[in-house]
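First to last, the protein sequences are chains Z and C. Going by numbering that gives the first Met the number 0, the first residue of the first sequence is number 0, and it counts up by one from there. Going by numbering that gives the first Met the number 0, the first residue of the second sequence is number 0, and it counts up by one from there.
No lab work stands behind these hints: they were computed from the structure. Keep in mind it's a predicted model, so treat the numbers as computed, not measured. We treat Cβ as the ideally placed atom computed from N, Cα and C, and that holds for glycine. Keep in mind that the hints are not guaranteed to be accurate.
[What the hints assert, rightly or not] For lysine-lysine, the following PhoX-like pairs were computed, each having C-alpha atoms within a straight-line distance of at most 25 Å:
no.: 1; chain 1: Z; residue 1: K240; chain 2: C; residue 2: K12
no.: 2; chain 1: Z; residue 1: K133; chain 2: Z; residue 2: K107
no.: 3; chain 1: Z; residue 1: K19; chain 2: C; residue 2: K125
[Unchecked claim] Label pairs and their in silico Cβ distance ranges:
no.: 4; chain 1: C; residue 1: I59; chain 2: Z; residue 2: K155; range: 26 to 34 Å
no.: 5; chain 1: Z; residue 1: L227; chain 2: C; residue 2: M129; range: 36 to 44 Å
no.: 6; chain 1: C; residue 1: T39; chain 2: Z; residue 2: N24; range: 40 to 48 Å
no.: 7; chain 1: Z; residue 1: N239; chain 2: C; residue 2: N47; range: 12 to 20 Å
no.: 8; chain 1: C; residue 1: G104; chain 2: Z; residue 2: N24; range: 38 to 46 Å
no.: 9; chain 1: Z; residue 1: L131; chain 2: C; residue 2: G112; range: 55 to 63 Å
no.: 10; chain 1: Z; residue 1: E111; chain 2: C; residue 2: N47; range: 49 to 57 Å
no.: 11; chain 1: Z; residue 1: R43; chain 2: C; residue 2: D52; range: 26 to 34 Å
no.: 12; chain 1: Z; residue 1: T119; chain 2: C; residue 2: N159; range: 20 to 28 Å
no.: 13; chain 1: Z; residue 1: E111; chain 2: C; residue 2: T39; range: 54 to 62 Å
no.: 14; chain 1: C; residue 1: R191; chain 2: Z; residue 2: P106; range: 51 to 59 Å
no.: 15; chain 1: C; residue 1: N47; chain 2: Z; residue 2: S123; range: 50 to 58 Å
no.: 16; chain 1: Z; residue 1: R43; chain 2: C; residue 2: R66; range: 51 to 59 Å
If you want the building blocks of each chain, they are given just below.
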Amino acid sequence: MTNIIRIMKITDSGIIIGQKKYGINTLIISIFSKKNGIIKGFYRVSKKGIKPIILDLVDFQWKSRVEESLGYLNFEIRNSFPLYSEEYFSNLIKISASEICLKLLPPKEENELLYEDLKTFIMSNNQDLNDLEKVKKYIIWELRFLEKVGYGLDLKKCSVTGSKKDLYYVSPKTGQVVTKKVGHPWKNKLLVLPQFLVSNEPVNIKDIQNGLQLTFFFLNKILEGLNLKQKKFIFREELNKKFS
Amino acid sequence: MSSLDDLISLFSKLPGLGPRSARRVILFLLKNRQYFLKDTINLLNKVNIELVDCEVCRNIDTKTPCRICQDELRVNERICVVEEVSDLWAIEKCNLHDGKYHVLGGVLSAIDGVGPDELNISNLVKKVNMEGTKEIILATNSTVEGQLTAQYIADIFKNNDILITRLAQGLPMGSELDFMDNGTLLESFRSRKKI
């Protein structure tokens, strides 16, 4: 009787969202792939080989004898992340988006919409936008992320009165919005809704602070529920500090 | 044999060694007890007693402040910021920098959970403010984390009257264009200079 060893193989495209040194010339790379979700694997770095960096767009092949093990990666870089062409702030929000995917998405679970959304976000050129507009765009990306992982916020109408006007507070428990008048007695327990989400008013610093607090609360809620060693966001917290 | 197993297990945790190579190293030491094992034990002991982290720059030396920090011939106003002590040693080996150093002890990293508070950044701020630094050379690695850490430090000092530079990016010596990735080529074109 012969034993047939089946090798698991995944061929896909994706975005590198994390890498960790393992030994002298091996990296453990995390890729957010289009059809297979988060894939992790070893990658041996050779002198003449490709040295990938976070946020590179790659075509890759993952191989392993056992599906549950890390396996090995091989890839070609399709688009390098323009690391030096953008300033600190643009890089910070893009790496923060990748950190959220790295920490909150489960392994090998397809989420093509989210993948496309992240891809569009990190490839977007923000050079014409000011810092506030950049963060506004980022907060909207986070809200879409929350929606796609099951934490969608219902911001269309007041959950108590049904009014679509004067929406001001968000419940941290239900993610539903209420008007200023309804929420006022519990204002210390509620999150404030950034007005750029419900009106066309130009974005201001207070709104950005509220927006960052709002999404950060729900992102942290997901993180706390996961069995991870590091229960904090590094780059997202930096973003909070910048606007505190 | 348990002490031998313990030693193999310990050695296999060293960078670049696995259980098999750890076993080979230990067998070599045991075969050459007279020359290698005793010397290794003595030297490790000495290193453990003598070497300390420099309280100023976090270099490793036999005294603190380290020899580089105490060297009066070095330019005080120029600080080269590196990720690890090994980077400092690499630059020192080539005699490339005549100023002082500052070792961060890592880079900002989401996957490792390293934030600014875990890095040696507050000491850098103190040092720069105290010593009247005129230039900070950011010699972090050419990775997203390395670059972001450099940009984070540059952001801290953006309102100070300090020249902040980073190392050049582009083609490595002896490389062939055909083997280069898009990012390296892009950066090489962007930082091209007149000859």
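**OP:** If any of the earlier hints don't hold here, list their numbers in rising order.
**Re:** Checked against the structure, the hints that fail are numbers 1, 2, 3, 4, 6, 7, 8, 9, 12, 14, 16, while the rest are satisfied.
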